[in-house]
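Here the protein sequences come in this chain order: L and B. Letter 146 of the first sequence, counting from 1, is numbered 146 in the working numbering, and no numbers are missing. Letter 121 of the second sequence, counting from 1, is numbered 1121 in the working numbering, and no numbers are missing.
Don't take every hint at face value.
Unchecked claim - Straight-line Cα separation of at most 30 Å, DSS-like style, residue types lysine-lysine; simulated pairs: (1) Lys-199(L) to Lys-1130(B); (2) Lys-1133(B) to Lys-1155(B); (3) Lys-1157(B) to Lys-200(L); (4) Lys-7(L) to Lys-1024(B); (5) Lys-200(L) to Lys-1227(B).
No lab work stands behind these hints, which were simulated from the structure alone. Because the structure is a prediction, the values reported are computed rather than measured.
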Amino acid sequence: MLSYVFKTGFKNLGNRKLFSFASIGTIASSVLIFCIFFVLATNIRGIIKKVETTVGIQVFFNSNLSEEEIQNLANEKFITDYVKSIKFKSSNEAWEKFKVEYFDNRPELAKAFEDDNPLASSASYEILLNDITKQIEYVNYLKSIDGVRQVNYSSVLIETLTSLNVGISTFSFILIGLLIIIAMILISNTITLASQFRKKENEIMKLIGATNFMIRAPFVIEGFFIGLFGAIIPISIVLGLYNYLMDMLIKNASFLRNVFTPVDIKIIAVPMCLISIGTSCFICMFVSFLTIRKHLKI
Amino acid sequence: MIRFNKVSLKYDKDTYAVQDLSLKIEEGEFVFIVGKTGAGKSTLFKLLTRELKPTSGSIKVFKDNIEYISNKNIPYYRRKLGVVFQDFKLLEDRNVYENVAFAQEVIGVNAFKIKKHVIKILNLVGLRNKATKMPYELSGGEKQKVAIARAIINKPKILLADEPTGNLDEMSTNEIIGLLNTINQNGTTVIIITHDMHLVERMNKRVIRLDEGNLVYDDYGLDNQIKNYLKNE
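So that you can see chain B by itself, here it is in the shape it has in the complex (with noise of 0.2 Å):
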């Protein structure tokens, strides 16, 4: 579903964002990318999104190419995302219900549809209740659950997290992964850039850890060294 091959991106002459980075996701999978801050994680949340383009590889989503895109069929690409982020990203002037229908009027979805599509997503998400309530008078858990019910709405193929359990507690943190996870089980590709190793090592899924623009470490669980980290904590 996602392969990346040899993939370079290059700030300036000798820095290198990501370098020679391959790797491959299939349709289904639940992985972690973790690495410390300029590992190179939010670039390739970047170039995944295509809001870079690599400066050598390639990367295929979906049996294309997506360097190739033009800028006019982005949008139909990004459809097929959805995306989640440390802080919410959500429009403090409307309401839960108008925050996820937002997702599908900037697609042209019809209204009657919208409806229903957004009270479905807000009882799978645990929201139906707080529909009419703003922004700001929800908990750090909840304008997550918000933002992950705008991602899914349109029934994305891939769910990209950047950050997702960022700002939020540990039970909110719980809530939110095993939201992720029930998606996940329906069918949806999630990827989850995170920092929070405890996480990581509770969830026992693939991982994907990356240092200075380079792919350290592909397997389930986390690696030795990290786990030692960890330990030392």
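Just chain L, same shape as in the assembly (with noise of 0.2 Å):
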């Protein structure tokens, strides 16, 4: 019985060539575009996750307050649920490391401040977020705390890579809407008229006592092949030239390479085929669905 359905499922999709391919062309371009966003949406939350782990805020406070206050200041007020590490630097810490930095190579200018920190009032906090989208609400937070005396952040990369995540979903939400009802009618078109064409077959059908599931399950299928191909083909185009792409982005925009690594096309495989093949299939099968409905009362 399946194969029976299988069988002319398949073939109906090759009596119609022309509605076939449309109808799996634009199901094609609706997966092609969620296949790209798929793709650059997995690679932002990358570099985000990466930058919640290495960008931090630096707190720093007024100088009247000695290095215990401003722990126990910290520890009063700081952490929070949104806090993931927070971590201490003395002003001598600060001094030192500035050293290592901008002294390395000439000790003696060093030598010039032996005993006495220039940095004495630069003891700091420096505090990694769990979601970097909440940054902005946190440092207003910190700025309003009595002894904190100035706060730093990158609030340009967050702002700036929060605004292309939401950017590049809602329009690519807006384009796979529009193809998606696009591809819906020229699904509905093709399968009203694998049900014309098939109209004499339908007819013997019912006479001989085929049920209504006999009947209409072969059109079913046919969307269902609808939906595989039009989700196999983009799927492949994008997996077949993502790490070709990814070099190409990683060679030609060297500013990227220090904040930027492309995620695994493994790790982007898996769920993209599924949700793609996955959502592909079941519209296309449920528009094929109503639409034989509609068109064979039996």
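Hey, can you piece these two chains together into the complex? The hints should help.
Next up, the structure:
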């Protein structure tokens, strides 16, 4: 029974090549956009994750506070749900670090400050957050605390990444939505044509005693194949070109090298394939089912 | 086996396709349904296949009132019937074997059994050597034999044929009627709807004549009115 359903569904696809091709093409365009969006979003999430673990907030305090008072203040007020880690850096540590970074080749210059720490009031806290998108909110909170002199953070990077992610998502969803509507209309037309083409066959089936399932199922399977091919083609393109395009990007955009490591294709492939094929096949089968239900009153 | 009890079917307020039709057909009978165009023959056919439902009265087939069969169960009822049409209704893109096998495929018979059954049926209708031919390569009589093979492969208890010889020459008509007779002798109830009074006269079987939706004759052989008509033809 199932072999008949699959055989007939597949054969139907070939009987109306132009319509099938148009339906598959439209579905493929939607899935291609989805895959590109998925790859971009996954990589942007990768960057954000990296930023979250490496780019922190640095908090400086009023010079009248002792290091002990600073630590008390931090313990009391800095730790919230957003905070992943918090690390104190005393003014001596700050000076040592500074010396290494700036006077490493000229130790005699550092010696000039031997008994006087020029960064005496530079004790600070470095704070990493769980969710980088909460940074602005948390920074504003820090600024409102009495005793906090200055809060350093990279607002531009975070805002850019977040708005880029939102922008790509919105654009992709609108485009995918439009393409899905066009695809649904085309699939519906393909199935309507198929039902007209097979009118005689369906009439005979009815009189022979075929169940509604046997009459309708080949059309739904035809929809399944449209969805399957419509997903496999763009997935193959994206997976095939991914590594090549990422290499090109890194080579040509040197500024990205420090912040961007492309997400491994193996991590992207499984969810992308599952979502694309699953959604595509489901939509196509659903539209086919509704169409054939409308046209084939049994 | 088949019982029509005061069956009427109204198309609109005043037009009846069949009116107060009562008849009985027993298991194993060979019956001709005759009448002019619009007499109600095709309506009777469609009532039996449950394409139409009577507006009043009841139709009992195999002990069940078929007007009460749910839509879901209609396919299972139809599997007990075999149907043959004047225009053969063969699938032009499939060969003889595939056209006959189709009837079993759509009801879910497994492939091994299908092959066995199709070969047996093609032998019965004398088309074993034409199994790979396409419908356009066959004569009218051969096409109708394929249609009959398709109708009987699922071993129906009743075979309904709507003008099965309408498009055939005399020789093919005789072959087809001979085949239907053999099927009947093997135990299947055969009901043939036809215009061909000469054929009905030759066969001398039970004849049910309809006129404007009413049953006007039910007996063996043709009634005098038709016999006279044929004489004066």
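Tested hints:
1. Lys-199(L) to Lys-1130(B): holds, 26 Å
2. Lys-1133(B) to Lys-1155(B): holds, 24 Å
3. Lys-1157(B) to Lys-200(L): holds, 24 Å
4. Lys-7(L) to Lys-1024(B): violated, 43 Å
5. Lys-200(L) to Lys-1227(B): violated, 38 Å
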